[in-house]
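Chemist: What follows is the residue order along each chain.
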Amino acid sequence: MRLKTAIKTLVGVAVAFGFAVFMLWVVSGFGNRQSRIKDVTSKGILLLSNGTEPEDLDPHLVTGVPEHNIISALIEGLVSEDPKDLHPIPGIAERWEISEDGKKYTFFLRPDALWSNGEPVTAHDFHKSFERMLTPSMGSEYAYMLYSMKNAEAFNTSKIKDFSKVGSRVVDQRVLEITLENATPYFLSLINHYTWYPVHIPTVEKHGPISQRGNKWTKPGNFVGNGPFKLKEWRLNDVVIVEKNPTYWDADSVKLNEIHFYAIDQANTEERSFRAGQLHNIYTMPLGKIDRYKRDYPDLIKIEPYAGTYFYRINVTKPPTNNPLVRRALAMAIDREAIVKSVTRGGQLAANFFTPPGTGGYTSRAHIPSDVEKARNLLAEAGYPNGENFPKLEILYNTSEGHRRIAEAIQEMWKKSLNIDITLVNQEWKVFLAAQRQIDYQICRAGWIGDYVDPNTFLDMWTSWSQQNQTGWSSEEYDGLIREASRTQNMKARLELFQEAEAILMDEVPIIPIYIYTRVYALHPSVKGWFANILDHHPYKSIWLDPGEFMQK
Amino acid sequence: MQTIPVLLTVATLTFFLLRLAPGGPFDDEKVVSKEILAAINEHYGLDKPLLTQYFEYMGGLIKGDLGPSFKYPNRTVNELIAEAFPVSMELGFYSIMVALMLGLGIGLIASIRPNTVTDYVPSSLAMTGICLPTFVLGPLLILIFSIHLQWFNASGWHFQSDKILPALTLGGFYAAYIARLTRGGMLEILSQDFIRTARAKGASELRVVLFHALKGGVFPVISFLGPAVAGLIAGSFVIETIFHIPGLGRFFVQSAFNRDYTLVLGTVLFYSFLIIILNLVVDILLVLLNPKLKFES
Chain W
1 MRLKTAIKTL VGVAVAFGFA VFMLWVVSGF GNRQSRIKDV TSKGILLLSN
51 GTEPEDLDPH LVTGVPEHNI ISALIEGLVS EDPKDLHPIP GIAERWEISE
101 DGKKYTFFLR PDALWSNGEP VTAHDFHKSF ERMLTPSMGS EYAYMLYSMK
151 NAEAFNTSKI KDFSKVGSRV VDQRVLEITL ENATPYFLSL INHYTWYPVH
201 IPTVEKHGPI SQRGNKWTKP GNFVGNGPFK LKEWRLNDVV IVEKNPTYWD
251 ADSVKLNEIH FYAIDQANTE ERSFRAGQLH NIYTMPLGKI DRYKRDYPDL
301 IKIEPYAGTY FYRINVTKPP TNNPLVRRAL AMAIDREAIV KSVTRGGQLA
351 ANFFTPPGTG GYTSRAHIPS DVEKARNLLA EAGYPNGENF PKLEILYNTS
401 EGHRRIAEAI QEMWKKSLNI DITLVNQEWK VFLAAQRQID YQICRAGWIG
451 DYVDPNTFLD MWTSWSQQNQ TGWSSEEYDG LIREASRTQN MKARLELFQE
501 AEAILMDEVP IIPIYIYTRV YALHPSVKGW FANILDHHPY KSIWLDPGEF
551 MQK
Chain V
1 MQTIPVLLTV ATLTFFLLRL APGGPFDDEK VVSKEILAAI NEHYGLDKPL
51 LTQYFEYMGG LIKGDLGPSF KYPNRTVNEL IAEAFPVSME LGFYSIMVAL
101 MLGLGIGLIA SIRPNTVTDY VPSSLAMTGI CLPTFVLGPL LILIFSIHLQ
151 WFNASGWHFQ SDKILPALTL GGFYAAYIAR LTRGGMLEIL SQDFIRTARA
201 KGASELRVVL FHALKGGVFP VISFLGPAVA GLIAGSFVIE TIFHIPGLGR
251 FFVQSAFNRD YTLVLGTVLF YSFLIIILNL VVDILLVLLN PKLKFES
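Protein sequence lines, in the order shown, are assigned to chains W and V. Each residue of the first sequence is one higher than the one before, starting from 1 at the first, in this note's numbering. Each residue of the second sequence is one higher than the one before, starting from 1 at the first, in this note's numbering.
Derived by calculation from the structure, the hints in this document are not laboratory data. Every residue, glycine too, gets a C-beta built ideally from N, C-alpha and C. There may be inaccurate statements among the hints.
Unchecked claim - Anything over 12 Å on all C-beta distances counts as not near chain V; from chain W, calculated: (1) Glu243; (2) Ile264; (3) Gly472; (4) Ile504.
Unchecked claim - Straight-line C-alpha distance at most 16 Å; calculated EDC-like pairs for lysine to aspartate or glutamate: (5) V/Lys30 <-> W/Asp460; (6) V/Lys30 <-> W/Glu177; (7) W/Lys216 <-> V/Glu79; (8) W/Lys161 <-> V/Glu79; (9) W/Lys219 <-> V/Glu79; (10) W/Lys104 <-> W/Glu177; (11) W/Lys159 <-> V/Glu35; (12) V/Lys34 <-> W/Glu153; (13) W/Lys219 <-> V/Glu83.
Claimed, not checked - DEER-style ranges, computed between Cβ atoms: (14) W/Gly208 <-> V/Pro227: 41 to 49 Å; (15) W/Ala380 <-> V/Tyr54: 53 to 61 Å; (16) V/Phe159 <-> W/Ile160: 49 to 57 Å; (17) V/Ala82 <-> W/Glu476: 30 to 38 Å; (18) V/Asp283 <-> W/Ser342: 39 to 47 Å; (19) W/Met491 <-> V/Leu140: 51 to 59 Å; (20) W/Gly214 <-> V/Pro49: 18 to 26 Å.
When you get a sec, could you build the whole thing from the sequences and use the hints?
Modeler: Here is the structure:
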């Protein structure tokens, strides 16, 4: 009896106590809300939503854009880019010399370039970093970005074991010489990519084997970089915080004090947080909000052309799509304008060609026209007049509302104009990737973002040796043109070769281009020094915050 | 104890089921060359025969080593779980507190005068709570309290005030169930003889309800708590996504999409262990409250 009463009393007291604590906690919550956007802005702290949690902050291991956004604050390469038009400007290298034949670049590092631990940045750092990137045991998925360097591919694929044969040479502490396989006119833009960034080798070695995954050097407290900011805090799946780096050679130009990168992967969560005054941007505008922002907040929403193409891959190894007439008919029967105007509605550009216009001064002359009459005739010529006896075709896409809507629109267009029946199949991302890689599809949705500003990053995908092809298509003539372009120094001649190549692509249609991407996002007006460009790169050195501007709700 | 065989079975089944799903951790839109893929697979031991990988994993498991994450090269699964779990636990704890306070409160009020207004209003509220999914309730609360009233942040888990809306959303859902269970349990107890005796003896209504009836009335609630906590764990993913909370739920679901085998295995095992322990605790509580149960097991 006594025990029972005691327990009851105890429980009663516990509940009452718990309730009191709970109320205290609730009440204490008011008042210490995160500083509103005004406060952070006046302190020079930029709050950015960054899409997803970065896989890592090691430039030799990652492949994504969110990673680039953070790493480019922490590390600088030989060459940097102008924030307005992305042309190459000095980075760690204060100047460079290019040989007559365009194959040898000599970089002169600035004497005041320091790592965040005070040590000078040397040519040796870059040299060892290239070696690390290309060492097979590292398993760097992006190693191919360095293949323009002489023998880099051979070393990376274990055909040669001696790194001294690779085209990187330390002339002295501050002079680095890089030898290329071919004259690569876009080389200076290429090496702005994080795959060419240096890491502080002694720091890496301190925390594990230098050319292996699982090294802990990127953790806060261990990380050493040479960029405008240094790593302050990293709360997993939450936020990465960087603060101004006083040892950066151009620290005087850096106006921001801190940047917070939030790993918010749901567009709606970001949008709500932006409206609640917690962020300076919305990284990805939720599809359903685009019209509303265009109408009510036109000064906040940004719609900018992006170096990427949305397209469909076609499996050219099996009927009926092994017939180029069929492929051309399918491509011509799509009303691309209708898709970008009514389905995607994000200011995208209808694409009758593959390479985004203006990429490195190149705009494709070859077009695959949207012409329903011609499409019908082609289908008849191929043996399926008015869609008679046309076998079942499937469009495969990875599960997503946006892809589904586009596929449905195309399904309807093909039914109406060609009288053929298409089924739609969606698969989860990894399953979809596996199917695409094994060419286990008939038509599948695809997208490609350029790695650098040159048509080569779009057109060399369709060579017979490219891993990215995945259509079963190849053409000796096409291969030859791309190969020759990689050896041609004269820009005009080179672009002409690409024109010819793209003409073949648009004639044989192993891929159906649909639209050129845009980046649709939102930016708070207090963020200055942020310019639109097709790679969506916003060097943090030129960004500053103006507390004078505030959102009128 | 059945715990060890259960966990070993879960580990084995999950290990092999995971490998059946097409697509691997290193499949990406920018296709990787065969040589690079070989190097990566070698590093993680993915090139060894499946059975060898299984035994190596189990060997590590016995030592408490859940392996490296495939998606996050500089993290181990142990680290990831250690950092994310306390967050989920905190969210879960606050949610249970909210669920109990609201649920017991509403259920008690509803049961005092059944089939009158003081019953209909709270019961309808409870029904709405059950029908309203968390991904509707959450954004609704954010719209009202964050965006319009500006009392709280719309996302994050940094300040104390950040934790209120998520706890209300997740807890609110279970509060509704608890309210109905409490009402039902209380009504059953209140109709029994010993209650009439207490009233006849002159005990005040408050004393009758709180001292005599409550202990029996909450019985169904406590039985419900075991599976409810499991549900809270699963539901936390939605809350964590809506409110950008760095908990284990998000890692769990993302790791499946990423085919991060070790992280999936680690979280599955962790959750299994948790559910087993929690069910044990609930069983003990129930026996403490009603010693008769001891003989029924």
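Chemist: State for each hint whether it applies.
Modeler: Do the hints match the structure? See the list:
1. Glu243: holds, 17 Å
2. Ile264: violated, 5 Å
3. Gly472: Per Cβ check, W/Gly472 is outside 12 Å of chain V; nearest 14 Å; holds.
4. Ile504: holds, 22 Å
5. V/Lys30 <-> W/Asp460: The hint holds at about 13 Å.
6. V/Lys30 <-> W/Glu177: Roughly 29 Å between the alpha carbons, so the hint for V/Lys30 and W/Glu177 is violated.
7. W/Lys216 <-> V/Glu79: Holds: W/Lys216 and V/Glu79 sit about 12 Å apart, inside 16 Å.
8. W/Lys161 <-> V/Glu79: violated, 36 Å
9. W/Lys219 <-> V/Glu79: Holds. W/Lys219 to V/Glu79 sits at ~12 Å (cutoff 16 Å).
10. W/Lys104 <-> W/Glu177: holds, 7 Å
11. W/Lys159 <-> V/Glu35: Between W/Lys159 and V/Glu35 the Cα gap is close to 11 Å, so the pair holds against 16 Å.
12. V/Lys34 <-> W/Glu153: Distance ~13 Å between V/Lys34 and W/Glu153 Cα, so the pair holds.
13. W/Lys219 <-> V/Glu83: Distance of about 14 Å is within 16 Å: holds.
14. W/Gly208 <-> V/Pro227: 41 to 49 Å: holds, 43 Å
15. W/Ala380 <-> V/Tyr54: 53 to 61 Å: holds, 57 Å
16. V/Phe159 <-> W/Ile160: 49 to 57 Å: Because 56 Å falls inside the window, the suggested range holds.
17. V/Ala82 <-> W/Glu476: 30 to 38 Å: violated, 56 Å
18. V/Asp283 <-> W/Ser342: 39 to 47 Å: violated, 59 Å
19. W/Met491 <-> V/Leu140: 51 to 59 Å: Distance hint for W/Met491, V/Leu140 holds at roughly 57 Å.
20. W/Gly214 <-> V/Pro49: 18 to 26 Å: holds, 22 Å
Consistency note: the structure conflicts with the earlier hints numbered 2, 6, 8, 17 and 18.
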